[in-house]
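Undergrad: Here is how the chains run, residue by residue.
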Amino acid sequence: MLNCKNTSDLASRSLDKKLPWSKRWALRMHIFMCHRCRRYLRQLRLIKQVAALLAQRLDEDNANVYLSAEAKVRIQNKLDENRANAP
Amino acid sequence: MAKLSDPSTWLDTYGDTLYRHALFRLQDAMLAEEVVQETLLAALQSRNNFAGKSSEKTWLIGILKHKIIDHIRKSVRELPLDEDLREFDSICDEVFDGKGYWKIEIEQWNDPRRSLEQEQFWRTLENCVSRLPARLATLFVLREVDGLDSESICKELQISSTNNLWVMLSRMRMRLRDCLGRHWFDHGTV
Numbered sequence: 001m002l003n004c005k006n007t008s009d010l011a012s013r014s015l016d017k018k019l020p021w022s023k024r025w026a027l028r029m030h031i032f033m034c035h036r037c038r039r040y041l042r043q044l045r046l047i048k049q050v051a052a053l054l055a056q057r058l059d060e061d062n063a064n065v066y067l068s069a070e071a072k073v074r075i076q077n078k079l080d081e082n083r084a085n086a087p
Numbered sequence: 001m002a003k004l005s006d007p008s009t010w011l012d013t014y015g016d017t018l019y020r021h022a023l024f025r026l027q028d029a030m031l032a033e034e035v036v037q038e039t040l041l042a043a044l045q046s047r048n049n050f051a052g053k054s055s056e057k058t059w060l061i062g063i064l065k066h067k068i069i070d071h072i073r074k075s076v077r078e079l080p081l082d083e084d085l086r087e088f089d090s091i092c093d094e095v096f097d098g099k100g101y102w103k104i105e106i107e108q109w110n111d112p113r114r115s116l117e118q119e120q121f122w123r124t125l126e127n128c129v130s131r132l133p134a135r136l137a138t139l140f141v142l143r144e145v146d147g148l149d150s151e152s153i154c155k156e157l158q159i160s161s162t163n164n165l166w167v168m169l170s171r172m173r174m175r176l177r178d179c180l181g182r183h184w185f186d187h188g189t190v
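These protein sequences, in sequence, are chains A and B.
At position 28 of the first sequence (counting the first as 1) the number is 28 in our numbering, and the numbers step up by one without a gap.
At position 54 of the second sequence (counting the first as 1) the number is 54 in our numbering, and the numbers step up by one without a gap.
Simulated from the structure, these hints should not be mistaken for laboratory data.
Ideal Cβ positions, reconstructed from N, Cα and C, are used throughout, including at glycine.
Among the clues, some could well be false.
What the hints assert, rightly or not - Each pair of labels, with its calculated beta carbon distance range:
(1) ARG24/A / THR9/B: 50 to 60 Å
(2) SER68/A / GLU105/B: 36 to 46 Å
(3) LEU53/A / ASP186/B: 14 to 24 Å
(4) ASP149/B / LEU53/A: 14 to 24 Å
(5) ARG74/A / SER5/B: 16 to 26 Å
(6) ASP59/A / GLU105/B: 36 to 46 Å
(7) LYS17/A / ARG47/B: 34 to 44 Å
Claimed, not checked - Below are the SDA-like pairs computed for lysine to any residue, each with C-alpha atoms no more than 25 Å apart in a straight line:
(8) LYS57/B / LEU54/A
(9) LYS5/A / LYS99/B
(10) LYS65/B / SER161/B
(11) LYS48/A / THR124/B
(12) LYS23/A / TRP166/B
Starting from the given sequences, assemble the full structure and let the hints guide the process.
TA: The structure is reproduced here in structure tokens:
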């Protein structure tokens, strides 16, 4: 029988790849009897879905994170420098 | 065929978005700024290769991601992996007893969907990611956010076996779940 630590590793594994039949069965058996691991797996799945949404959010305008005016000037200067030096 | 807009407008139009992507992945403001600059330069130099298959923004973000991976590759070389693995395991001692059973409670997370609508939740999540050990934070970004395949991740993070990768993923997820639980869901917020 799996303990919770083994189960947590298997649960994580199951997010990336279909488990072989015997491991899948062992995981199900443990989760059937262990409410903590049952919740744990559910929460891991949620976090993975949320992470995928995070990528989309980075594209949206976010007033909290932006390049400062000084930073833009710095970058523009470097770009101009490079263009001046370009062949 | 789609044409690119005037490159002199890119910094104004896309600078903030590129910076946001870079900052999230690198967790370092100065480095993020540097990478934005490298990206715009590289884009300028390769603008004749733009085939118009994606939008201009997507194309620039693609270049940015490559630049970021270059930086990750350079920084990873300096970190010894063995010490990392031992550090990663420390969370297991905190949450499992001697026989490998949970010694903490795993609380139910009520109505998680509602959390997604709250700005503070996303900030908490980003905070939790930034608290991960550096290699695990990078792993989160490359795997969970960008969906990079196992082989590429092992190569970029210099992970010697896919077995080590699975262990690292498990530890990363355990820490994240723990952090989100303690700082968001377990308060009964929402």
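Undergrad: Each hint should be assessed against the structure and marked as holding or not.
TA: Hint check:
| no. | hint | in the structure |
| --- | --- | --- |
| 1 | ARG24/A / THR9/B: 50 to 60 Å | holds (53 Å) |
| 2 | SER68/A / GLU105/B: 36 to 46 Å | holds (44 Å) |
| 3 | LEU53/A / ASP186/B: 14 to 24 Å | holds (21 Å) |
| 4 | ASP149/B / LEU53/A: 14 to 24 Å | holds (20 Å) |
| 5 | ARG74/A / SER5/B: 16 to 26 Å | holds (22 Å) |
| 6 | ASP59/A / GLU105/B: 36 to 46 Å | holds (37 Å) |
| 7 | LYS17/A / ARG47/B: 34 to 44 Å | holds (39 Å) |
| 8 | LYS57/B / LEU54/A | holds (17 Å) |
| 9 | LYS5/A / LYS99/B | holds (9 Å) |
| 10 | LYS65/B / SER161/B | holds (24 Å) |
| 11 | LYS48/A / THR124/B | holds (15 Å) |
| 12 | LYS23/A / TRP166/B | holds (15 Å) |
This entry satisfies every hint, going by the numbered hints stated previously.
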